[in-house]
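Asks: Chains as they are written, first to last, in UniProt numbering: chain A, 1 to 278; chain B, 1 to 278; chain C, 1 to 278; chain D, 1 to 278; chain E, 1 to 278; chain F, 1 to 278.
Worth flagging that the hints you see were computed from the coordinates, not collected in a lab.
Remember, it's a predicted structure, so these values are computed and weren't measured experimentally.
For glycine and all other residues, C-beta sits at the position ideal for the given N, C-alpha and C.
Part of the chain E face toward chain F, derived, beta carbon under 8 angstroms:
1. 82
2. 212
3. 239
There are 6 protein chains.
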Amino acid sequence: MFRHIKELQFEAMPERPDPLFAKKLQELIGGQYGEMSVMMQYLFQGWAVRGNQKYKDLLLDIGTEEIGHVEMLATMVARLLDDAPVNIQEEAAQDPVVGAVMGGMNPQHAIVAGLGARPSDSVGNPWMGNYIVSSGNLLADFRANLNAESQGRLQAVRLYEMTNDRGVKDMLSVLIARDAYHQNQWAAAIAELEEQEGLLVPSTFPREKERLDVSYKLYNFSEGEESSTGRWAQGPALDGQGEYEYVSEPVPEGEKPVLKPAPSNLHNTLPMDGTFRR
Amino acid sequence: MFRHIKELQFEAMPERPDPLFAKKLQELIGGQYGEMSVMMQYLFQGWAVRGNQKYKDLLLDIGTEEIGHVEMLATMVARLLDDAPVNIQEEAAQDPVVGAVMGGMNPQHAIVAGLGARPSDSVGNPWMGNYIVSSGNLLADFRANLNAESQGRLQAVRLYEMTNDRGVKDMLSVLIARDAYHQNQWAAAIAELEEQEGLLVPSTFPREKERLDVSYKLYNFSEGEESSTGRWAQGPALDGQGEYEYVSEPVPEGEKPVLKPAPSNLHNTLPMDGTFRR
Amino acid sequence: MFRHIKELQFEAMPERPDPLFAKKLQELIGGQYGEMSVMMQYLFQGWAVRGNQKYKDLLLDIGTEEIGHVEMLATMVARLLDDAPVNIQEEAAQDPVVGAVMGGMNPQHAIVAGLGARPSDSVGNPWMGNYIVSSGNLLADFRANLNAESQGRLQAVRLYEMTNDRGVKDMLSVLIARDAYHQNQWAAAIAELEEQEGLLVPSTFPREKERLDVSYKLYNFSEGEESSTGRWAQGPALDGQGEYEYVSEPVPEGEKPVLKPAPSNLHNTLPMDGTFRR
Amino acid sequence: MFRHIKELQFEAMPERPDPLFAKKLQELIGGQYGEMSVMMQYLFQGWAVRGNQKYKDLLLDIGTEEIGHVEMLATMVARLLDDAPVNIQEEAAQDPVVGAVMGGMNPQHAIVAGLGARPSDSVGNPWMGNYIVSSGNLLADFRANLNAESQGRLQAVRLYEMTNDRGVKDMLSVLIARDAYHQNQWAAAIAELEEQEGLLVPSTFPREKERLDVSYKLYNFSEGEESSTGRWAQGPALDGQGEYEYVSEPVPEGEKPVLKPAPSNLHNTLPMDGTFRR
Amino acid sequence: MFRHIKELQFEAMPERPDPLFAKKLQELIGGQYGEMSVMMQYLFQGWAVRGNQKYKDLLLDIGTEEIGHVEMLATMVARLLDDAPVNIQEEAAQDPVVGAVMGGMNPQHAIVAGLGARPSDSVGNPWMGNYIVSSGNLLADFRANLNAESQGRLQAVRLYEMTNDRGVKDMLSVLIARDAYHQNQWAAAIAELEEQEGLLVPSTFPREKERLDVSYKLYNFSEGEESSTGRWAQGPALDGQGEYEYVSEPVPEGEKPVLKPAPSNLHNTLPMDGTFRR
Amino acid sequence: MFRHIKELQFEAMPERPDPLFAKKLQELIGGQYGEMSVMMQYLFQGWAVRGNQKYKDLLLDIGTEEIGHVEMLATMVARLLDDAPVNIQEEAAQDPVVGAVMGGMNPQHAIVAGLGARPSDSVGNPWMGNYIVSSGNLLADFRANLNAESQGRLQAVRLYEMTNDRGVKDMLSVLIARDAYHQNQWAAAIAELEEQEGLLVPSTFPREKERLDVSYKLYNFSEGEESSTGRWAQGPALDGQGEYEYVSEPVPEGEKPVLKPAPSNLHNTLPMDGTFRR
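Start from the sequences, fold in the hints, and give me the full structure.
Replies: Put into structure tokens, the structure is as follows:
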């Protein structure tokens, strides 16, 4: 169960409206790695935890915080849209600066949302449930989370560089800091799990059931051997259970696939060349 | 530029058809973490590398290998669909086993694809470009890659457990092994980058520009303090630059947001309660 | 800013696992009119209110409640998936009941989510941001909300009829009751706004700017005149500003459209019949 | 069965081309509440009516009219795109007005459609089948329709304000008038149904099966009590069957959810803290 | 402008309900090549024709017919869903045939649509605007149309083979016949255009502007030379302007791409290996 | 199995950066008819061929080439984005040309991709698996391929006309040439198949099972008889098996559909007018 407090977690007040930046800032709301994604990802992961209350509590702490981040961003976008030049089409033709703003705005900010935030990204794609993952395996999911916070902080930093508005920068400096903590925090949670389970996800699958002879090989499928000099191509593997190996000339192990004709009631093209055998 | 060799990298021959399993196996082709995703993710990342030929080569080595994995899976799905019971509607009513197969099959396997693989997941959602990421920041992207290989191996393992077909298990045991290598390999590449850049993505943003006072805090937004006992809540942070702190009672720092009325030509509801001030 | 309380708003405990029903229940989580939709719709509307704190507070009251409903449903789905028969492929062929369950389950519940809820609907479509609306016009949006609660309660009632599990029915009886309140509540809010603004959205557009001569006509575009007997075809209009009129034989008012040839550099097909005139 | 008349229902002739407005006008064609949506929504609802020929006829009258509205808009968009500056890239750099036009146009209007309309919205999202609803319950669906006409008229009005082209305004003034009628008309149909069935959808579900003790309560989940002053928080409910009640301090009724561990063959993270009990 | 006639173009009456077949038949309504696609494709193409009234009329003749085909299919689906076993969950466990039906039905047919058709395909994906094309180039678009009618007839034939219901077969035999005509008809329209314009789309682009030395070559990128024996690998090209050529060993013509570092404010990974040169 | 060669198949080097053109060029990467579509379409078709090694080899030859085309375009987009003005927001307000560039850029090129290509089209829609088709019927699929190459060449030609950059034009002149070959080549493959199978897809369905009396008729559903003068309206049909016929006044053959009431547990609106009969 949730409760809402009217105050924002952190301030979200720009110095002045900027509808072009409002469009860009949407990436942090409804983009693949926006706050809707981390919010829903942590909540779904938290609700799905089976045992492990410590991790469940952690996921719900942060997932709940992220709802408030969507709120801050939605508030900021609404304010950046204040006074947007939405109906002076003709003057625009004369004032190129206004024209550029009107041409560059997200038209849905005015037509659909009446100067409110949209649940979509900086080019207008709606947020989608398949941006997130909750797998039931915490090590896998914490890696997804570390990834999300890394991409998210990178995007927030890029947006920070794209504005000179002090108020926007202030809010972004908070989000950047929180993303820094969340990287630090998921990294710690990952370290804790890797200590117990080892590097590989999932850790519980008996390794003898996989084709161990190909578990440590880098195949050189792209001409050129620059990649052979990396730590992943020689020496002990990070999982402590094998030795990396570089395969300079990978050869196929399988056969040329030849498929059986389809049943006639599917009306596929029939084989004309007698190639089928099995 | 690419070349194709007719032989499969590894064999993809089931013991017998199984259209229900073919439907499930689609998750590894066109799912969020299927082989189409890693293939396109590594290729786009490789093509976007600016400098750093070692990493570019690595990305293209693996991206190219993954095209061949889509090929193996597409071949396997086609064979699992051999002889699928597509037109005996009425006997089905009498034989419940056949009925279950027919009710449980992906109908597009027959109607749309003529018993071929589909570029979609196990419930029929088409693969989408926004499953992948290529950000230009390699540490961020390698974390995305480690995540993808972790989720991917987890899914392959689950599918391995869902079949008794020796041929399918053989192919999956290879994919599981390759995903193990790829976890080992991205982990090594991440370690290499973290050694140079530190833990945080991006490493080049001056930390004094972020709100450092909130960069190491875990806010207790979900009642209950189980999460306060983790490594992320006290002691030195993994980035070596701060000390984790647990905030038991987070308080809002921002104000209650009050938005300005919209321009009248947008025909929003006007404020009726005189609440606006700025 | 939000806080999370560990207890559920209402209980979500089924009597027994039922993976087929878990699949169906996903409609109430991630469907077009599921709880993710009302949650995000009310929150986005609330965050966008400009003035009118009473409505803002109302939207955030209910939006916050709905986050907790997603939580209840996610918990219920996870429990319905307990002990799902995910790996006994071969016995299934012998036990048709188990077979039907395995064939009918959402495969992503096992492969992707490890027996957790998914952010998608009953056929597996991911939830999308464009299910929701927040327009800045409260009368328009409250009608969207009344619609959502009507469709939502209808779906919850249908699901109630599809199960005999006492625990599931108990939870649904709560959701059905809440949807009843929310219909009652949005209807009241609509009545309040209509009293001030009248029936038409938006109320602020000067009516003389619309083609008033066609503002009260029902055109009989579908042969047969059954629709001419409704209240919408004669008598005073509900907006109190006109008289309904039934047009039995609608005639076109516009011309046949003839479009100008495209510029040659677009390489459209050129007109071959000299038809263009303007 | 349908027939097409070459003339447009109403004229669709702009005074002059305006590719930027063409982009915006797409919202009324392929947006969430565009004419494709109402057209398909009314047709699908009409085709699904079981009995009730009066409503079926009404739905098909209007659904058929809406096909003609898509036609008018597609014609208008094509004309607004006449002579669009699609290939003078270099002059554009010198003439900022042309530059703004070229930068602000929907590139698919030229590259994909050769200056024709697109089945998508103002930011380029394709129209989707899940924008519409047809539930089989007419009161629910008529509320969806009233909502669609409210959002649709609001958007048309906003677009009317964004142009000075007399021809475009003329066409929009017709669409605004028709949307006014359709609001008037669905409101009348709703009133007719509510008279028979009452306020709640669906009306046929026995109320004693819902948790009536929570059917009239507003829970104060968002701090602050502004919403307690509304008509929805006290006095007789609009459905005439209960009394509204305001709950200032909502308390959870459910337990903390604790989920059972997943079967081992799913390779979820195992519980490490012995928390499971049921 | 359109008119609707109550009677169906052709009968759509099954002998008996069959909810599993209703699910499959959705492919012909809302699938990539279903009737919604051809309907919208022909209408959008027709509305976009610039000059060429003969083709415009043709497109609108057929586009209008296809609306009626969606109507026939929606009617058929509704009837196939009559009496669907939607609420006898528990008997289902005892009767495997009913169980298979209930497990195999599209759950949205009952929960969302109340036994009506859905604007989506056989696995539940919503129809999307980007299934269709209207390019302004008629030869290109007529090829799209011939393709759509070919895939569409193939799917209708496969569905015909999957049922024994006489009424369903009767309706499909009509749709199959109409798709046969439409193949015949688009093929004739294509022949007419090719006679005037030649084989290549677009015909108006000066051929000397393309790299004519590579305009007739088949590159052997997939090991094995089976494809060298086709008509496309030798002899005069079908466009009458060149000679097909088979290139057994394709070699790259471009350089290894080396990209310039990104500006520092994007915080991409910096080159560490001094590889950039331009 | 695939291999990658570092060199590009053809050069991809613009004379100078042009972020606006980079946005447009995305249509050729991730658009409905971009190179990702032909690449995946040919590979999936190739992998699904059952027998017919000549066609399988052909599909894999070209599918493999197309991967290299995505690579060329991704490289070109990255170079067009070099030095994009991503952070000088304020100067932009003063320099309208820079402003137009910044307003017109795809914001995800900077924020998400760090100046790399995106797997999406010119308006930002992600590439989707349902852009492609692989049906198992080669004649159907080769028509899809001819269509794709026709639309693709048309779009490449339009983009060629929109730029003056010599390097971009050089690359496009190659892609235009390859699309010319591919039209020539699929046309030849189609001719070869039609010679054996005839015009209609599928050729194996016994024609007597279709309603042959409607297989050659053009119904005049759109008022006006311009379409009656085409080759498709009279004379021998192209399939050599019938005579085209023009039906000036099409009449419905079916009845008015009247649907049976839904079961009461679905809570649809009940019929109020006693219209049901069957």
